[in-house]
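Asker: Chain residues, written in single-letter form:
There are 2 protein chains.
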Amino acid sequence: SVAQRSRGLATIRPQTSLFQPLDVFPERHIGPDDKEASLMLSKLGYKSMDAFIDATVPPKIRIAANAMDNNSIPVLSESQLQARAKELGGQNKPFKSYIGMGYHTAVVPPVVLRNVMENPAWYTPYTPYQPEIAQGRLESLVNFQTMVMSLTSMDIANASLLDEATAAAEAMVMAFVSTSQKKRSFLVDSVVSPQTLAVLRLRAKGFGINLVVGDAATALEDQGLRSDLCGVLVQYPDINGSIKDYGSLAQSVHAAGGLVACATDLLALALLKPPGEWGADIVFGNSARFGVPAGYGGPHAAFFAVTDSLKRKMPGRLIGRSRDALGQPAYRLSLQTREQHIRREKATSNICTSQALLANMAAMYAVYHGPAGIRRIAVKVHGYAQSLKSAIESMGYRVENTSFFDTLTVDTSPVTSGAAVVHAAAAAANINLRQVDDKRVGVTFDESAAPNDLVALLNVFASAPSARKLSLSDLQEPTGTAIPPSLQRTSEYLPHPVFNKHHSETEMLRYINHLASKDISLVHSMIPLGSCTMKLNSTSSMIPITWPEYSTVHPFAPHDQVAGYRTIIKELEQDLCKITGFHSATLQPNSGAAGEYAGLCVIRAYHESRGEGHRNICLIPLSAHGTNPASAVMAGLKVVSVKVLPDGNLDLGDLKVKAELHKDNLAAFMITYPSTFGVFEAGVQDACKIIHDNGGQVYLDGANLNAQIGLTNPAKCGGDVCHLNLHKTFAIPHGGGGPGVGPICVAEHLAPFLPSHPMLPEKGDQAIDAVAAAPFGSASIALISWAYIKMLGGKGLSDSSKMALLNANYMASRLSDHYNLRYKNENGRVAHELLIDLAEFTKSAGLKVGDFAKRLQDYGFHPPTCSWPTPTCMLIEPTESETLEELDRFCDAMIQIRKEVEDIITGAQPRDNNVLTNAPHPISVIASTEWDRPYSRETAVYPLPWLKEKKFWPTVARVDDAYGDLNLVCDCPSVEELSS
Amino acid sequence: SVAQRSRGLATIRPQTSLFQPLDVFPERHIGPDDKEASLMLSKLGYKSMDAFIDATVPPKIRIAANAMDNNSIPVLSESQLQARAKELGGQNKPFKSYIGMGYHTAVVPPVVLRNVMENPAWYTPYTPYQPEIAQGRLESLVNFQTMVMSLTSMDIANASLLDEATAAAEAMVMAFVSTSQKKRSFLVDSVVSPQTLAVLRLRAKGFGINLVVGDAATALEDQGLRSDLCGVLVQYPDINGSIKDYGSLAQSVHAAGGLVACATDLLALALLKPPGEWGADIVFGNSARFGVPAGYGGPHAAFFAVTDSLKRKMPGRLIGRSRDALGQPAYRLSLQTREQHIRREKATSNICTSQALLANMAAMYAVYHGPAGIRRIAVKVHGYAQSLKSAIESMGYRVENTSFFDTLTVDTSPVTSGAAVVHAAAAAANINLRQVDDKRVGVTFDESAAPNDLVALLNVFASAPSARKLSLSDLQEPTGTAIPPSLQRTSEYLPHPVFNKHHSETEMLRYINHLASKDISLVHSMIPLGSCTMKLNSTSSMIPITWPEYSTVHPFAPHDQVAGYRTIIKELEQDLCKITGFHSATLQPNSGAAGEYAGLCVIRAYHESRGEGHRNICLIPLSAHGTNPASAVMAGLKVVSVKVLPDGNLDLGDLKVKAELHKDNLAAFMITYPSTFGVFEAGVQDACKIIHDNGGQVYLDGANLNAQIGLTNPAKCGGDVCHLNLHKTFAIPHGGGGPGVGPICVAEHLAPFLPSHPMLPEKGDQAIDAVAAAPFGSASIALISWAYIKMLGGKGLSDSSKMALLNANYMASRLSDHYNLRYKNENGRVAHELLIDLAEFTKSAGLKVGDFAKRLQDYGFHPPTCSWPTPTCMLIEPTESETLEELDRFCDAMIQIRKEVEDIITGAQPRDNNVLTNAPHPISVIASTEWDRPYSRETAVYPLPWLKEKKFWPTVARVDDAYGDLNLVCDCPSVEELSS
Ligand SMILES: Cc1ncc(COP(=O)(O)O)c(C=O)c1O
Ligand SMILES: Cc1ncc(COP(=O)(O)O)c(C=O)c1O
Ligand SMILES: O=C([O-])O
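Listed in order, the protein sequences are those of chains U and Z.
Mapping the first sequence onto the working numbering, position 406 (from 1) lands on 406, and the numbers just tick up by one.
Mapping the second sequence onto the working numbering, position 676 (from 1) lands on 676, and the numbers just tick up by one.
Derived by calculation from the structure, the hints in this document are not laboratory data.
From a predicted model like this one, the values you see are computed outputs, not experimental measurements.
Treat the hints with caution; some may be incorrect.
Where chains are identical, the list cannot tell them apart; a pair therefore holds if satisfied intra-copy or between any two copies.
Unchecked claim - Cut-off 20 Å, straight-line C-alpha distance, at most; resulting in silico cross-link-like pairs (SDA-like, lysine to any residue):
1) K948 to S924
2) K638 to S924
3) K950 to S924
4) K689 to H749
5) K96 to M759
Starting from the given sequences, assemble the full structure and let the hints guide the process.
Answerer: What follows is the structure in structure tokens.
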């Protein structure tokens, strides 16, 4: 190891000018310093970084050295960035929003804000695929699931989807699939949110579903519709606030063989009869009003719950309770066999990254408030709506909905010349109301409203009919309820101990901290997950997102109130275009997979616009991430697989054959670059040419963009569209499984087709329908990538990619002396990640990839990506943020494990009872009185000396996957279970 | 145990009115809910809280039930508080400060801001008296000491004092004491900071030191002064920015038998010859420009370093490296025998709570920047000053100092009609300059300055002589330096590995997190330290203090710029007066002990004002905290001890005898209420009457105020003055040993004597001199107590005291079945804390208090206060914030330990090798291959079942105190040490 446990006394560089800032970000973001970089280069045999890059990246695809420098993207220091973010934040006008439509001003419990949302221990972990070092957030996600199941009265719930509108689309597809795709008509009640409808429209098109929008109460009288019906979607309460009884509708839909999907609101369910009690099969919605900021659209966790019979078809991540090797309870991800990375083109959902962090926040909100607290908040919100209603009715306004929870639709015509008068008065008071139509305005209350807000709102309405200023005394405390008696909730909710014992801030803080203490994250050690790019998520980029000027903005706020957000979005889109070489971008997709779907829909729309709507073949290499084929299917494409050569390269011959075979119907080719094997394929441009020659478009999966910046780009490689995972390359933290942002960038000819949104009137008429609930997706965290790019500048971005390549190659060089490195190029180089093959050890030592992974946990590391893209491999990606010392620590661990394996191969240790097969070793194991293993306790837990000073301890022994899938339990323990 | 592991499904209370806020703080602050409170009351045999209180607090001292309710202190909800704090923050004007004088706009590394200052794991621990569960912050404090030693070139440094001015006073007293108090003259150079001078004046008075202010270069020519000289104090660079060579002065002072104390600036020392190289004996200053916000005065850590020969006389906390029972390195607090809690009236310093959190921040700043980074910052600051100097000299201004680091004193008269013209231009540009005199202004640069700031400043100066707007191009990059060649630094600094390997943000984050993971804090479990009141430090109260509108304000900013701060200070003072029953208050003292000193000085000034300056006897019970006698001595008083009865009560007979004996000279009586034994003495008013009858004033030590609010108060008890520990009763977090705030409240007759400050012109002429460097002490954290009081309101405050009493009595009741409860009143009640006596076990089992304390660590608890106020006792204080479940957990642990002790008593376990004497047991112990102890590993570490789910692990075995004091090593390991 060359690092020798120190970064050396070097190399914070002296200033070149007195007037240069000192708090420059690249020095802090890039792990190795100059001395370490030189050491690594010389170990690899290069005199300079340039020489190394020349040997690593194929010359054909290189872009000019100055294509990505501080002229193309100027650099800001950390404090300059803060100042700029403040300035732009000041351009978002702080209006009080009553727009509703699924978005609210949440009240984030301060202890949750600071200790979850602003805490790297919560925001930097990865998706909990390694349950032994993730029991904390797994428990919290089970709390989320339990909260959803209990409030909706459904049998099972998953641990979040991307947003309410895409959850609606997932529900529709479940209904479709549950009829074996035989019945194609899906009825949507006309009073659902416009964004839900827009997303449904596009998704229905991809699947060939016949979407019928109509009045749920009467539409089923049409026998034609009934006979082809796969499902119905209603919203409860509906977009206008009304609460209707869908009980008999549900019976009728079930009689017709369809499913009932219900969009709803968790807070309302504290007072409403839950959908599970009137017959809904699928219940979903946005959980954000449980303590997650509006953030101009997100990120927010959607919830999704189904009846027991549908559980194995449910999309998204599902956490279950299982047991570990010692028989102790342990949480884990369940039923992964139903996910797209397994089912590929047979999958009907492509969801991968979801909204774990926000689901955890919502769950913590429920833990903090408990059933009594949630009820109290629901009563208040309902009471405010009641109070306003009586007050404005007495002024002459007509409230259209007689039943409601928090939302009133107000006919202004009895009192005013039109809704515009009321909106104008509202604007003058810094208030936003929902724009319904010329006559009507909408008002939705949330937890944040205070008496003075209500008074201000009252005076908005009062200003039209009267000039008298009203005050609190003009408002009445409501008596009774506006919820129809038959739809009032009578069942209890959240009786589980976890929701009833952490109500003091001290207890809450300890609970949050206790769970965090069970989870490994970037605050502990490197997370070398291939394809996931777990790099620094800098504090400077995280700070602005919780400033109120960003966090409280409603996604449908009028454009003139969000100049700050608009500038950030525009700058980020422009920078991403510079980086990818493309023309236009959209931030709407909420994950990489959502980007894939969006990009393919754009390609389809392009073909259609040229009268080639029949083009429906999508070529995808076998090595592609499972989301690729799943997304293709969702976009209505047929997947044709392309072979991959043993060295990781695409089989260009096979590609050519298939492209030509399908040339009349070729729609698209999806390719990941560098490939999922960590290979810079020199032939990428040739591959793209083959596709273009045969009338197809090239979709470039940009998950691996971290290898490219400033060296090549997707346009140069020959692509037409790509998505980027901002939560990989552009430093949005992984959040324990999300949020993500998956923008797509497109060449000029595809720009007109980028997604529209019902609240984005400026989009042209060629635009496809929305792919997400909010116009700019998870807008608030786009700030993180915007800040990341601005603080690195073009040079820093490019240096980061170079260092990511160097770090990976250094590791490949060290590890290849001990392990079988699957691929390197003719110069001996890998890209930004490396694939090592452990197949040989199955025979020689009876070991599987999982044994190596679990053993790495004992060394205090999160394992690399396992068994993907190749079942016997580990895919290792260090990123530029790790120092040489940390790379060496990881390599030392892997090499020591190799020695441990040697003992098994030679028979010095038994094949069925050794440090690998028994890994990981939690403290409870070594604390036990008995010890009958053929190795010592110290060998088990301190195999290398530095572990005594610094080690992350798994909290459970190896988790039993089979048991968990067989005995699926997805909620928290009840009072009875805990006391037994 | 009655809690049965759940708070029940109760008692977030339903709203009484729709218009009441829901985010009410008392529900979150007070641990037990209604159900738990009822359980505890019934366990104690009371029907109501009132009945319990009546049996607990002596009727004679009770105040009216409505004396402290929401009429006297109105309540704000958490969000209302945030809004109010925002509003007031907006009233502090964001001027850019060049005032200097020891305070700067620090650039806080974002990763330190969020992960240290805003992280409860760093701000809620207690002073590291239990080293086995505090290795993280002990290591960080050693980093602080090392940083100071290295930059100053001194042999040894402590882990912070309260501020630079009080550090100067400590230095003066060390010099005085080192002559065995024989030489009484102490020379202070006239060009030191005015606040330093003010604090020195008052302290000199108390000790009878003859303070001579004069020109250091010439004053020693006076032979009279030389012969009585105990020391000289200089400032380097001086208040006007000049850098002088004090080498020959030092020789001359040493020749005269005195010591040289030097105030200095750590950043300047990156470029200046360090004081240790030119002969200083004591070097001190403010470390805040190393990444600690100005905060309108603090809190900031002062540094203090001395030569080897003075180390055992140094005040404050000193961290050393020792070893643990396994021979492994371990950190600990060293040389405690020199502290006031041991030396009492023989102590010459009363410092107790200091500035640990801020010292940790400064140390982390040095870790983050390293020597190269610090040098770069120093070069920039110096360069800005040079650049400004050339620019304004070319306009005709005269810069008076030719040598300088960051500060220029500018004679404006050649160009303007006076300094006022320049100040006016500055004010118009939102800039503050130092007000020197009619002709001269001062400019001090800091790290925060950017080129546009320099241009703005340039234009301030330009506006008088010219109308031309200047730009960056009018500034020159400096060449050379303004530091005299002989005073340039040539020696290296901070070569230690810790300052050279954590420069990437990722590494820094991991280091911060790694250290935090070694420390127990309120995020883990209760910290039942008697007399320390470790209660919830709420997020809502912590959030505002790092808002820039509070954190960046210079303490000497003109009054009209700080209306927000002034309102908060006034409201807090008023609320504290309501709570104590007194007339006036000051927030200036930076700790409880500093408050004691201030209060006693006020009493002395009062006597003097009545021609009774000879009154110099201070009666203090033997049970008093060690700071009381130490403070009395510092105020020039003679301590006469008063006996305490075995039941904890003051011996009123002895008091009477001594008061009468000393009646001609009686100055004061100091009493803690409830007493340090946790006793509500019914005779407190009688005691006070005795004092008043004999001409004395009563000083009430308010450390235990948490027992009193709304039930009684210091005025009602008979006091004339009291201090409050805002870091106890009023929820300022303990910060791992500070910061503290120790305001004093006084009766009307003492109000005129409250401390003044050179920058507080409005104080009357009877006011005593300053007791702290900043006019309002650590003003920024006064916000925390202000928020705490406002969010609880009168009723919540009073309910908190009641619950603190109930919690303590519940514990007393459970524990008294197993342990010897030293005191209870005639109704069987204790106050807010309880004293259990472990003396019996020395004989029966060979155990000391420390053995119980270390064993409690194995149960995941921080031990209670040990061996104070009685060597064989533990003093347990739960506070109102702990739930019944947590109280039970702690009691269960104590009871289980009692069972373990029984095994030793009966001989089932050996006296010299058992779970107590071997405690604590870190993981490394149970991981060891050999195990030859007479108990199992599981018994060692999991003595109760819940520990398997949740346990805090000590990281070292029992630390060897004797070894550490004998082999005093107080800096970090060097490269050589680490590599060996
Ligand atoms: C190559 C590749 N493509 C696509 C995706 C999907 O991205 P997301 O998880 O954001 O949906 C991933 C995610 O890991 C990936 O590695
Ligand atoms: C009774 C008592 N008095 C005075 C003090 C001194 O307060 P501080 O540590 O803030 O200087 C303490 C501190 O613990 C105390 O317990
Ligand atoms: O800090 C104390 O000495 O109590």
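Asker: Run every hint past the structure and note whether it holds.
Answerer: Here is what the structure says about each hint:
In this homomeric assembly, K948 and S924 come within 20 Å of each other (Cα to Cα) both inside a single copy, at 17 Å, and across copies, at 7 Å. For the homomeric pair K638 and S924, neither the shortest alpha-carbon distance inside one copy (51 Å) nor that between copies (58 Å) is at most 20 Å. Within a single copy, K950 and S924 get their C-alpha atoms as close as 18 Å, and across copies as close as 12 Å, so both meet the 20 Å cut-off. For the identical chains of this complex, K689 and H749 are intra-copy neighbours only, at 17 Å inside a copy versus 93 Å across copies, given an alpha-carbon limit of 20 Å.
Taking the closest pair of Cα atoms, K96 and M759 come within 20 Å of each other only inside a single copy of the chain (19 Å); across copies the shortest separation is 42 Å, beyond that limit.
Checked against the numbered hints given earlier, the structure breaks only hint 2 and satisfies all the rest.
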